Amino acid sequence: MPDAVPYFDISDPSFSITSAAVHEARERSWYARTNYGLAVLRYDEVGRLLKHPKLRQGSVAWPAHNGVTEGPFARWWASWVLNKEGEEHHRLRRLMNPAFANRHVRGLVPRFQALATELVDGFAAPDRCEFVTEFAEPYAARVIALMLGMPEEQWREIARDAATIGLAMGVTLRDDLPKIEAALANLYGYVDELIANRRREPREDFVTALVRASEDHDRLGDDELRDGLVLLIFGGFDTTRNQLGLAMASFVRHLAQWELLASRPELGGAAVEEVMRVNPTTRWVTREARETFVFQDVEIAAGTTVHLFTESAGTDPRTFGPPSFDLTAERAPHFGFGGGAHHCLGHFVARGDMREALPLLARRLRAPRIADGAAWLPDSGNTGPVRLPLTFTPGN
Amino acid sequence: MQIVVDLSICQDHGQCAIAAPEIFHMDDEGHLVYTAEPGAALREAAEDAADACPVQAITIED
Numbered sequence: 001m002p003d004a005v006p007y008f009d010i011s012d013p014s015f016s017i018t019s020a021a022v023h024e025a026r027e028r029s030w031y032a033r034t035n036y037g038l039a040v041l042r043y044d045e046v047g048r049l050l051k052h053p054k055l056r057q058g059s060v061a062w063p064a065h066n067g068v069t070e071g072p073f074a075r076w077w078a079s080w081v082l083n084k085e086g087e088e089h090h091r092l093r094r095l096m097n098p099a100f101a102n103r104h105v106r107g108l109v110p111r112f113q114a115l116a117t118e119l120v121d122g123f124a125a126p127d128r129c130e131f132v133t134e135f136a137e138p139y140a141a142r143v144i145a146l147m148l149g150m151p152e153e154q155w156r157e158i159a160r161d162a163a164t165i166g167l168a169m170g171v172t173l174r175d176d177l178p179k180i181e182a183a184l185a186n187l188y189g190y191v192d193e194l195i196a197n198r199r200r201e202p203r204e205d206f207v208t209a210l211v212r213a214s215e216d217h218d219r220l221g222d223d224e225l226r227d228g229l230v231l232l233i234f235g236g237f238d239t240t241r242n243q244l245g246l247a248m249a250s251f252v253r254h255l256a257q258w259e260l261l262a263s264r265p266e267l268g269g270a271a272v273e274e275v276m277r278v279n280p281t282t283r284w285v286t287r288e289a290r291e292t293f294v295f296q297d298v299e300i301a302a303g304t305t306v307h308l309f310t311e312s313a314g315t316d317p318r319t320f321g322p323p324s325f326d327l328t329a330e331r332a333p334h335f336g337f338g339g340g341a342h343h344c345l346g347h348f349v350a351r352g353d354m355r356e357a358l359p360l361l362a363r364r365l366r367a368p369r370i371a372d373g374a375a376w377l378p379d380s381g382n383t384g385p386v387r388l389p390l391t392f393t394p395g396n
Numbered sequence: 001m002q003i004v005v006d007l008s009i010c011q012d013h014g015q016c017a018i019a020a021p022e023i024f025h026m027d028d029e030g031h032l033v034y035t036a037e038p039g040a041a042l043r044e045a046a047e048d049a050a051d052a053c054p055v056q057a058i059t060i061e062d
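Quick note, the sequences are listed as chains R and U, same order.
Residue 237 in my numbering sits at position 237 of the first sequence; the count goes up by one each step and never skips.
Residue 37 in my numbering sits at position 37 of the second sequence; the count goes up by one each step and never skips.
One should not assume that every hint holds.
Cβ-Cβ distance ranges computed for the label pairs, FRET-style [as the list claims (entries may be wrong)]:
1. U:Ile9 / R:Gly395: 33 to 41 angstroms
2. U:Asp62 / R:Val171: 53 to 61 angstroms
3. R:Glu153 / U:Gln2: 45 to 53 angstroms
4. R:Ser16 / U:Gln2: 44 to 52 angstroms
5. U:Val55 / R:Trp62: 24 to 32 angstroms
6. R:Gly221 / U:Asp6: 30 to 38 angstroms
7. R:Pro110 / U:Asp6: 23 to 31 angstroms
Hint data in this document are derived by calculation from the structure and do not stem from the laboratory.
Note that this is a predicted model, so its numbers are computed, not measured.
Note that CB positions come from ideal geometry on N, CA and C, so glycine has one too.
If we strip away everything but chain U, and leave its shape as in the complex, we get:
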């Protein structure tokens, strides 16, 4: 499973970091940092994050 974030539309809202803190977090400047290959066990968390993104910037690729 690969997480892809379209950084050109990401607005750093941080909803992904709330939905799936195991994969996404916001750094001290409020910018997104994430794990691109978090492992299959985190699939549901990744999907929750993709759903929660207000600009729908996250896709999950197999």
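Just chain R, same shape as in the assembly:
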């Protein structure tokens, strides 16, 4: 029955991707039709389509959809490893992978802990904070600065420029293009300095690893290095900043779990996974059909955009039972870092730095509540708090 399939206008400013309407639709159907393409709502189908050989990543045409077809931003977007396919993608990915291995992250753990402590110690008041400007932003930006070996004082500029580039992910891309491109030029400036410096004086660090990255005499070209490093700054900042804010919002609603995390910091990793399961900053992962194919009796035409809803999948009762938030539960993997060929490259870093931040925050910010004046990005494909005033009982 065709009219049994739900429909959503996902471009409507009032569309809420984690609403009861979406969850109810999931109970009626594994997919929904939308104003452009299909939305996939259930865990099993999202998991399979994330890695389906007939689907490519879906966002390469985003700037063009918004009337941006030339200029530095369009060129940079096209350079992203995320927006490439086949051997062109695989070559870039192979060259970038080694710098992001999990074992490099372990060495950074004491610095993540020191940074989190310093930021909480620096709150303007003992029992309240504006979480975005006093913690999430500086934490995300300074982690990037320390990984890149940039002077840590530069973090404010990184944060400002990366946040401006974040506007490109929303509907104001065309209108905001001049300031987006100005911010992009700034980031290229820092990156060019870094690359030149490491060529003169190599270190045992992440940027040097990328500058030297090579495979069978193939190396990253100068443009690929610059484009890739700018992507890393942008990609690592916005997402981590937003995810930390969403983590606080989840734990405010589950204070017993926050207390548990304070007393058992070894649950930090589980906390990251559980937050990203029910409250991911990346709420849809976009794919596009390379060719027409049939999936579970539905014909998906070539060129169709397929939106994989990560929070709908992450709260699917078929996989996770009735709604719950439990750091001690054994869970199937979430999709907050995407999957398949384009699985987030920086996920070990993100997991590592959030795994240290959350237990420390749990110990220091007891019984947190959201105060008046909170503001949020729209509940759409990528989200998080713009402002998150919290009150709490100071802990040790």
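Could you slot chain U onto chain R? The hints should help.
The following block gives chain U in isolation, referenced to the frame of chain R:
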């Protein structure tokens, strides 16, 4: 050198197949197929694949 993949945690992301196509590939259904004893010359490729696996399902045994 022996490649061991814990298939109970493998999620068929295919990062190993990108990192070391000489050893790993994804079949037409998107499932992992791999060579368990690829030979010592492919050690570095095997290690790259083990590093790249998002769920860390690959171990290399001597």
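We went through each hint and held it up to the structure:
1. U:Ile9 / R:Gly395: 33 to 41 angstroms: holds, 35 angstroms
2. U:Asp62 / R:Val171: 53 to 61 angstroms: At roughly 55 angstroms between Cβ atoms, Val171 of chain R and Asp62 of chain U fall inside 53 to 61 angstroms, so the hint holds.
3. R:Glu153 / U:Gln2: 45 to 53 angstroms: holds, 49 angstroms
4. R:Ser16 / U:Gln2: 44 to 52 angstroms: Since Ser16 of chain R and Gln2 of chain U have Cβ atoms about 50 angstroms apart, the given range 44 to 52 angstroms holds.
5. U:Val55 / R:Trp62: 24 to 32 angstroms: Taking Cβ atoms as reference, Val55 of chain U and Trp62 of chain R lie about 29 angstroms apart, which means the hint holds.
6. R:Gly221 / U:Asp6: 30 to 38 angstroms: Hint holds: Cβ distance 37 angstroms, inside 30 to 38 angstroms.
7. R:Pro110 / U:Asp6: 23 to 31 angstroms: holds, 30 angstroms
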